[in-house]
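Chemist: Below, each chain spelled out in residue letters.
There are 2 protein chains.
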Amino acid sequence: MANIGFIGLGIMGMPMAGHLIAAGHQLFVSSRSARAAEAVALGATACDGNAAIARAADIIITMVPDTPEVEQVLFGADGVAEGLSPGKLVIDMSSISPLATKDFAARIAALGADYVDAPVSGGEVGAKAATLTIMAGGGDAAFARALPLFEAMGKNITHVGGSGAGQTAKVANQIIVALNIAAVGEALLFAAKAGADPAKVREALLGGFASSRVLEVHGERMLKRSFTPGFRIDLHHKDLALALSGANALGLPLPQTAFCQQLLNSARGNGEGGLDHSAIVRQLERLAGHSLGDE
Amino acid sequence: MANIGFIGLGIMGMPMAGHLIAAGHQLFVSSRSARAAEAVALGATACDGNAAIARAADIIITMVPDTPEVEQVLFGADGVAEGLSPGKLVIDMSSISPLATKDFAARIAALGADYVDAPVSGGEVGAKAATLTIMAGGGDAAFARALPLFEAMGKNITHVGGSGAGQTAKVANQIIVALNIAAVGEALLFAAKAGADPAKVREALLGGFASSRVLEVHGERMLKRSFTPGFRIDLHHKDLALALSGANALGLPLPQTAFCQQLLNSARGNGEGGLDHSAIVRQLERLAGHSLGDE
Numbered sequence: 001m002a003n004i005g006f007i008g009l010g011i012m013g014m015p016m017a018g019h020l021i022a023a024g025h026q027l028f029v030s031s032r033s034a035r036a037a038e039a040v041a042l043g044a045t046a047c048d049g050n051a052a053i054a055r056a057a058d059i060i061i062t063m064v065p066d067t068p069e070v071e072q073v074l075f076g077a078d079g080v081a082e083g084l085s086p087g088k089l090v091i092d093m094s095s096i097s098p099l100a101t102k103d104f105a106a107r108i109a110a111l112g113a114d115y116v117d118a119p120v121s122g123g124e125v126g127a128k129a130a131t132l133t134i135m136a137g138g139g140d141a142a143f144a145r146a147l148p149l150f151e152a153m154g155k156n157i158t159h160v161g162g163s164g165a166g167q168t169a170k171v172a173n174q175i176i177v178a179l180n181i182a183a184v185g186e187a188l189l190f191a192a193k194a195g196a197d198p199a200k201v202r203e204a205l206l207g208g209f210a211s212s213r214v215l216e217v218h219g220e221r222m223l224k225r226s227f228t229p230g231f232r233i234d235l236h237h238k239d240l241a242l243a244l245s246g247a248n249a250l251g252l253p254l255p256q257t258a259f260c261q262q263l264l265n266s267a268r269g270n271g272e273g274g275l276d277h278s279a280i281v282r283q284l285e286r287l288a289g290h291s292l293g294d295e
Numbered sequence: 001m002a003n004i005g006f007i008g009l010g011i012m013g014m015p016m017a018g019h020l021i022a023a024g025h026q027l028f029v030s031s032r033s034a035r036a037a038e039a040v041a042l043g044a045t046a047c048d049g050n051a052a053i054a055r056a057a058d059i060i061i062t063m064v065p066d067t068p069e070v071e072q073v074l075f076g077a078d079g080v081a082e083g084l085s086p087g088k089l090v091i092d093m094s095s096i097s098p099l100a101t102k103d104f105a106a107r108i109a110a111l112g113a114d115y116v117d118a119p120v121s122g123g124e125v126g127a128k129a130a131t132l133t134i135m136a137g138g139g140d141a142a143f144a145r146a147l148p149l150f151e152a153m154g155k156n157i158t159h160v161g162g163s164g165a166g167q168t169a170k171v172a173n174q175i176i177v178a179l180n181i182a183a184v185g186e187a188l189l190f191a192a193k194a195g196a197d198p199a200k201v202r203e204a205l206l207g208g209f210a211s212s213r214v215l216e217v218h219g220e221r222m223l224k225r226s227f228t229p230g231f232r233i234d235l236h237h238k239d240l241a242l243a244l245s246g247a248n249a250l251g252l253p254l255p256q257t258a259f260c261q262q263l264l265n266s267a268r269g270n271g272e273g274g275l276d277h278s279a280i281v282r283q284l285e286r287l288a289g290h291s292l293g294d295e
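As you go down the protein sequences, you meet chains A and B in turn.
The first sequence begins at 1 in UniProt numbering and counts up one residue at a time.
The second sequence begins at 1 in UniProt numbering and counts up one residue at a time.
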């Protein structure tokens, strides 16, 4: 059993921390966190800030919204780096820039500590059920040290490669999910506008090469007009922004991802950033002047 | 057991006809077909042309390349319509225009006969294994009459709706498959260009929301550089042309489908129309100046 610092007790982080406590680990959280008391009630120990967490724990997990927050938590005032000593391990499970991640890993390595990037997919449901998909990047020994913790929080765990490879896989995941949602949206709109029942069409397609998790899950949400997240447009917008800023830096054209991010911009412009990402279809419906259903 | 005319003994049609003969039906084929002798050897009876087939059979199945060929076979010189009489049933299993299909069905109905559009997906492999996905449009009684024949040729059989609904579902299917292939292409190229192993990334993604038949099958083809069809670029190009001409007629914008058809144009311009549709990735690689692998 390990001494683990956990920074980022949000919608995802709190149930993940809970699974680690339930697996018998000693958790350290920041007393400055809004939900510190909740974690302490589960068995965690409160520390006075993030540097103190890094002093108390051998492994420090971060689960925060975006790249700037990870940088702040690791390297800002009262950051993890201040309390870190050689031999410790930092695991960032946030979904952030793959390029920044390589830099963060190098800066942590310069302090004598290891770094694993390990973003997740599966959302709040997966976090609560401990069925998250975890995509990890880092050295073999560091991954092996992190693996028992991952197994307490997730199901499909892959060591993708070196530093940044986990974040790269997560970006690739978000590209595919967004484009698959938009593809299902165009196809069902074509079916509806051509006079067929889009629900029947979806059913006919589930058995063949068009089948996907997105056709199952998000296709159904589009037809039932059930846009309660799930995974919010705002977050997917952030993830495709990561894809496009990475693509810009790499000189890589991602024309379809760029277009799909404009659909997410449309959603935000129409005040729908808080809806589930299956609401991408609503932007295609705006273009079409035709909806798959009433709400 | 039924008397069935079968017109279109191609790569798909010949094994489909074979399954109908094996199921005990009496088949009539045209002696003018290049592969008539092959069908006769399986037990079919040769007739002198398509009008003669329509006189001999109660149910006439067509399985030809595109909309003009269906029109020619049904309504051209020596066409099915010449030999048709009230109470017979025409089943078009080609993949053609949903809008033209509604017209063909109305013209067949004017002759007192029924019409079912029933395009398939699953390719040559599915035709040979009798595991085709069949999407049918037409009246309830006509569908019920066709169903035992479908069951001899396929596995996932859906009565989607009235005339044209089968073709509409097939177009929707082809939109999703093409866009999912292009999505996997962009995602794996991002991964490779960012320095990760795209094969490991694909593996990590198969367990989560990005998973699809396309990620499984076509993703693997992209990585193994295995572009032997499968399903040819030329045919998928035709299918997206059906989607876009339908969309034009309906006043429906399909921006992503339009872009993806340009990728198929790129493939044809580069002499790759005969490759498997997973070679869409090769056009993204041209844009990127970066390939997922050597060939």
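Hints listed in this document are in silico derivations from the structure and should not be mistaken for laboratory results.
Wrong hints could be hidden among the right ones.
[What the hints assert, rightly or not] Taking lysine-lysine and the DSS-like style, the derived pairs with C-alpha atoms no more than 27 angstroms apart in a straight line are: (1) K200(A) - K238(B); (2) K238(A) - K155(A); (3) K238(B) - K155(B); (4) K128(A) - K155(A); (5) K200(A) - K128(A); (6) K238(B) - K155(A); (7) K128(B) - K238(A); (8) K238(B) - K200(B); (9) K200(A) - K200(B).
[Stated by the list, open to error] Distance windows between CB atoms, simulated: (10) E151(B) - G251(A): 32 to 42 angstroms; (11) E124(A) - P148(B): 41 to 51 angstroms; (12) F75(B) - E124(A): 25 to 35 angstroms; (13) A22(B) - G251(A): 36 to 46 angstroms; (14) A110(B) - G251(A): 51 to 61 angstroms; (15) R286(A) - N3(B): 26 to 36 angstroms; (16) V125(A) - A36(B): 49 to 59 angstroms; (17) G251(A) - R225(B): 15 to 25 angstroms; (18) E216(A) - E151(B): 42 to 52 angstroms.
[As the list claims (entries may be wrong)] A few chain B residues facing chain A, derived, Cβ under 10 angstroms: (19) L42; (20) G43; (21) A46; (22) Q72; (23) F75; (24) G76; (25) P98; (26) A100; (27) A169; (28) N173; (29) A182; (30) L188; (31) G195; (32) G207; (33) V214; (34) G293.
Beta carbons are placed, not taken as given, at the ideal position from N, Cα and C, and that holds for glycine.
Chemist: Now tell me, hint by hint, if it's right for this structure.
Modeler: Going down the list of hints, with the structure as the test:
Between K200(A) and K238(B) the alpha-carbon distance is near 24 angstroms, which keeps this suggested pair within the 27 angstroms criterion. Between K238(A) and K155(A) the CA atoms are separated by roughly 25 angstroms; this keeps the pair inside 27 angstroms, and the hint holds. Of the pairs offered as hints, the one joining K238(B) and K155(B) holds, with about 25 angstroms between alpha carbons and a cut-off of 27 angstroms not exceeded. A threshold of 27 angstroms between alpha carbons decides the hint, and for K128(A) with K155(A) the separation of about 12 angstroms falls inside it, so the pair holds.
With a C-alpha separation of about 33 angstroms, the suggested pair K200(A) and K128(A) falls outside the 27 angstroms cut-off, and the hint is violated. Among the hinted pairs, K238(B) with K155(A) is inconsistent with the structure: their alpha-carbon atoms are about 41 angstroms apart, more than 27 angstroms. Our distance criterion of 27 angstroms between C-alpha atoms is broken by K128(B) and K238(A), whose separation comes to about 46 angstroms. With a C-alpha separation of about 34 angstroms, the suggested pair K238(B) and K200(B) falls outside the 27 angstroms cut-off, and the hint is violated.
For the suggested pair K200(A) and K200(B), the alpha carbons sit about 36 angstroms apart, so the restraint of at most 27 angstroms is broken. Under the hint 32 to 42 angstroms, the C-beta atoms of E151(B) and G251(A), about 53 angstroms apart, miss the expected range. Between E124(A) and P148(B) the Cβ separation comes to about 48 angstroms, which falls inside the hinted range of 41 to 51 angstroms. With their beta carbons about 57 angstroms apart, F75(B) and E124(A) fall outside the hinted range of 25 to 35 angstroms.
As the Cβ distance of A22(B) to G251(A) is approximately 56 angstroms, the hint placing it in 36 to 46 angstroms is violated. A beta carbon spacing of about 60 angstroms between A110(B) and G251(A) agrees with the range 51 to 61 angstroms that was offered as a hint. Between R286(A) and N3(B) the beta carbon distance is about 52 angstroms. The supplied range of 26 to 36 angstroms is therefore violated. About 58 angstroms separates the C-beta atoms of V125(A) and A36(B), a value consistent with the hinted range of 49 to 59 angstroms.
A hinted range of 15 to 25 angstroms holds for the C-beta pair G251(A) and R225(B), which are about 23 angstroms apart. The beta-carbon spacing between E216(A) and E151(B), approximately 25 angstroms, falls outside the hinted interval of 42 to 52 angstroms. The interface hint given for L42(B) is violated, since its Cβ lies 27 angstroms from the closest Cβ of chain A, which is over the 10 angstroms cut-off. A hinted interface residue such as G43(B) counts as satisfied when its beta carbon comes closer than 10 angstroms to some beta carbon of chain A; here the least separation is about 30 angstroms, so the hint is violated.
Against a cut-off of 10 angstroms between C-beta atoms, the interface hint on A46(B) is violated, since the closest Cβ of chain A lies about 34 angstroms away. Interface hint status for Q72(B): violated, as the beta-carbon distance to the closest one in chain A is roughly 24 angstroms, over 10 angstroms. Below 10 angstroms, beta-carbon pairs count as interface contacts, and F75(B) has none with chain A, the closest being about 22 angstroms; its hint is therefore violated. Because the closest C-beta pair between G76(B) and chain A is about 26 angstroms apart, greater than 10 angstroms, the hint is violated.
Interface hint at P98(B): satisfied, since its Cβ lies 5 angstroms from the closest Cβ of chain A, which is below the 10 angstroms cut-off. Interface restraint check: A100(B) against chain A, minimum CB-CB distance 12 angstroms, threshold 10 angstroms, status violated. Taking 10 angstroms as the C-beta cut-off, the interface hint given for A169(B) holds, the closest approach to chain A being about 5 angstroms. Restraint check, N173(B) versus chain A: the minimum CB separation of about 5 angstroms is within 10 angstroms; hint holds.
At its closest, the beta carbon of A182(B) sits 6 angstroms from a beta carbon of chain A; the interface hint therefore holds under the 10 angstroms criterion. Because the smallest distance between the Cβ of L188(B) and any Cβ of chain A comes to about 7 angstroms, under 10 angstroms, the interface hint for this residue holds. At about 7 angstroms, the closest approach between the beta carbon of G195(B) and any beta carbon in chain A falls short of 10 angstroms, and the interface hint on this residue holds. Interface restraint check for G207(B): the shortest CB-CB distance to chain A comes to about 3 angstroms, inside 10 angstroms, so the restraint holds.
Against a cut-off of 10 angstroms between C-beta atoms, the interface hint on V214(B) holds, since the closest Cβ of chain A lies about 7 angstroms away. Violation of the interface hint for G293(B) is found here, the shortest Cβ-Cβ separation to chain A being roughly 16 angstroms, above the 10 angstroms cut-off.
The structure does not agree with the numbered hints 5, 6, 7, 8, 9, 10, 12, 13, 15, 18, 19, 20, 21, 22, 23, 24, 26 and 34 stated previously, though it agrees with the rest.
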